[in-house]
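**Q** Based on these hints, arrange chain E on the given structure of chain Y.
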Amino acid sequence: MEKRLFWERESVQKQVDSGAKKMTSEEIREKRRADRKQFKLDRAAAIAKVAAEAETIFETEGRVVVPALFGPEIPSGATWKPKTAESELALEQESGSPENAKSKGEDEGEGEEEEEPLEDMEHLQLTLPEAFFLAWNFDCLTILDPETDEPLSLPEIWITFQQIYLAPPIPTLPTPELQLDNPFLIHYAVYHHYRSLGWVVKNGLKFCVDYLLYKRGPVFTHAEFAIVVCPVYEDPQDQEVSITNLQNASPFTWSWLSTINRANSQVMKTLILTYVTIPARSRLSREMLNTPACFAHYSVREVIVRRFIPARMRD
Amino acid sequence: MLEIHPSYPALASVAEKYPTHRGSLFQTYNDILLAQQWRDVQVIDLGKCKRGALQGRRPRTAADADLLLHIVPCSLAESISLAWYDAEYVFAALVNPPSIYLAVVSDDSSIVYYKLSSGIVKPSI
Numbered sequence: 000m001e002k003r004l005f006w007e008r009e010s011v012q013k014q015v016d017s018g019a020k021k022m023t024s025e026e027i028r029e030k031r032r033a034d035r036k037q038f039k040l041d042r043a044a045a046i047a048k049v050a051a052e053a054e055t056i057f058e059t060e061g062r063v064v065v066p067a068l069f070g071p072e073i074p075s076g077a078t079w080k081p082k083t084a085e086s087e088l089a090l091e092q093e094s095g096s097p098e099n100a101k102s103k104g105e106d107e108g109e110g111e112e113e114e115e116p117l118e119d120m121e122h123l124q125l126t127l128p129e130a131f132f133l134a135w136n137f138d139c140l141t142i143l144d145p146e147t148d149e150p151l152s153l154p155e156i157w158i159t160f161q162q163i164y165l166a167p168p169i170p171t172l173p174t175p176e177l178q179l180d181n182p183f184l185i186h187y188a189v190y191h192h193y194r195s196l197g198w199v200v201k202n203g204l205k206f207c208v209d210y211l212l213y214k215r216g217p218v219f220t221h222a223e224f225a226i227v228v229c230p231v232y233e234d235p236q237d238q239e240v241s242i243t244n245l246q247n248a249s250p251f252t253w254s255w256l257s258t259i260n261r262a263n264s265q266v267m268k269t270l271i272l273t274y275v276t277i278p279a280r281s282r283l284s285r286e287m288l289n290t291p292a293c294f295a296h297y298s299v300r301e302v303i304v305r306r307f308i309p310a311r312m313r314d
Numbered sequence: 000m001l002e003i004h005p006s007y008p009a010l011a012s013v014a015e016k017y018p019t020h021r022g023s024l025f026q027t028y029n030d031i032l033l034a035q036q037w038r039d040v041q042v043i044d045l046g047k048c049k050r051g052a053l054q055g056r057r058p059r060t061a062a063d064a065d066l067l068l069h070i071v072p073c074s075l076a077e078s079i080s081l082a083w084y085d086a087e088y089v090f091a092a093l094v095n096p097p098s099i100y101l102a103v104v105s106d107d108s109s110i111v112y113y114k115l116s117s118g119i120v121k122p123s124i
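As given, the protein sequences belong to chains Y and E, one line each in that order. Each residue of the first sequence is one higher than the one before, starting from 0 at the first, in numbering that gives the first Met the number 0. Each residue of the second sequence is one higher than the one before, starting from 0 at the first, in numbering that gives the first Met the number 0.
Pulled out of the complex, with its shape left as it was, chain Y reads as follows:
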């Protein structure tokens, strides 16, 4: 959603005249970064000034003053204020001519009104678990068959989404029967589990993990948890005869786990290994996979991984 709004707002922004106060979130972020940079420059300059004063005092009077790194002379996060646009304009108007500044604003406003409305180039893309979650639990999504343009019924959606992962490389071969270790089922179980607990679940591609958990959403705060999905077969025999090559179903190497953990600790995220137990084929009937009722037989457990440094973590 954020991506779509960004484009719309940016294009709308270009059409709004420069007098308006509205800013896009990207502009707000850039302004915040520029302000922070300016604050650091001002603070460094103030510290240098205090140090230079201490030097002159020593040279002239001979007494030693330790230059302070904080205090009334030096701006801090609480006391520093950025130079606002109004004060800058006021400075300009004192030196330059106010009439030029005003007429420039008017011309820009008129020029931009004549531009054509911009096309919306963004689309919202949902993953299969996300789409099924919305259609099944909130009934707020209609999914159309791409060939017939007809809405699919919920049972059809359920079967189709599983079959997507089973599609044979040669189209003439029949689709194999539904499997318990279908990646769609595993990922949907994890997605549904965390969504129903109130987390916002997003893709974890940027941090080498499967999912990221946000408290409110990516726009508000950084994710606190990084999820790696580890499927486990209740019956090891099922894994041997499986036609699906599930990621992380076999223990991964220690070096790989260590790499993911380090990468995520670096960005202040806690790594969670989410184990999804795939029920044994022998226990369930074939019809089980025709509805989401099969999830009653899956279990989801979490293990948190944290690096322990005995020398530093004594409490």
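Read the hints as simulated data drawn from the structure, not as lab findings. Treat the hints with care, since some could be wrong.
Selected chain E positions facing chain Y (Cβ under 7 Å, derived; list incomplete) [unchecked claim]:
1. 12
2. 81
3. 107
4. 108
5. 109
One-sided and incomplete, this derived list gives chain Y residues near chain E with beta-carbon spacing under 8 Å [stated by the list, open to error]:
6. 118
7. 120
8. 126
9. 162
10. 204
11. 205
12. 236
Subject to a maximum C-alpha distance of 25 Å in a straight line, what follows is the list of computed SDA-like cross-link-like pairs (lysine to any residue) [unchecked claim]:
13. Y:201 to Y:146
14. E:49 to Y:170
15. Y:205 to E:56
Beta carbons: idealized from backbone N, C-alpha and C, even for Gly.
**A** Only chain E this time, still in chain Y's reference frame:
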């Protein structure tokens, strides 16, 4: 659905030739052209490798604004081998550039870019 998107005409020939890689090419093209705002963006057909690639230049305000850069899109589901550096493969098809960008596209349209260079290269600061 893809066909009605305004970006489609530029990609049409390569996308139809290699339908497996159509999705990742489409996502990367839109990101590069519209979000990253690169200039002179063109779609290339890497015949032997059976996929499409993109070339372009960074925005005028960037550090290396005049360099022609190459991006090869791929999907998260694909397995890529280092054979890309072989004489017959991607690097060769792009006439041996010093480095290429690999764009990994996932299901929810997130894209992550990796820079692949020939040999050992110091990372830029």
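**Q** Take the hints in turn and mark each one as holding or not.
**A** How the hints compare with the structure:
Of the supplied interface hints, the one on residue 12 of chain E is violated, with its beta-carbon coming no nearer than about 21 Å to a beta-carbon of chain Y, more than 7 Å. The restraint placing residue 81 of chain E at the interface with chain Y is violated, with a minimum CB-CB distance near 18 Å, outside the 7 Å limit. Contact between residue 107 of chain E and chain Y, as hinted, is supported at the beta carbon level, the nearest pair being about 5 Å apart and thus within 7 Å. Interface hint at residue 108 of chain E: satisfied, since its Cβ lies 4 Å from the closest Cβ of chain Y, which is below the 7 Å cut-off.
For residue 109 of chain E, the interface hint holds, since its Cβ comes within 7 Å of a Cβ in chain Y; the closest pair sits about 5 Å apart. Taking 8 Å as the C-beta cut-off, the interface hint given for residue 118 of chain Y holds, the closest approach to chain E being about 6 Å. The beta carbon of residue 120 of chain Y comes within 5 Å of a beta carbon in chain E, closer than 8 Å, and the hint placing it at the interface holds. Checking residue 126 of chain Y against chain E by beta carbon gives a least distance of about 4 Å; that is within 8 Å, so the hint holds.
With 8 Å as the threshold, the beta carbon of residue 162 of chain Y stays out of range of chain E, its nearest partner Cβ sitting at about 16 Å, so the hint is violated. Interface hint status for residue 204 of chain Y: upheld, as the beta-carbon distance to the closest one in chain E is roughly 5 Å, under 8 Å. Interface hint at residue 205 of chain Y: satisfied, since its Cβ lies 6 Å from the closest Cβ of chain E, which is below the 8 Å cut-off. With a cut of 8 Å, the hint placing residue 236 of chain Y at the interface with chain E is violated, because the nearest CB-to-CB distance is about 27 Å.
A threshold of 25 Å between alpha carbons decides the hint, and for residue 201 of chain Y with residue 146 of chain Y the separation of about 29 Å lies outside it, so the pair is violated. For the suggested pair residue 49 of chain E and residue 170 of chain Y, the alpha carbons sit about 19 Å apart, so the restraint of at most 25 Å is met. For the hint pairing residue 205 of chain Y with residue 56 of chain E, the CA-to-CA distance comes to about 24 Å; that is within 25 Å, so the pair holds.
Violated hints for the displayed structure, listed by number in ascending order: 1, 2, 9, 12 and 13.
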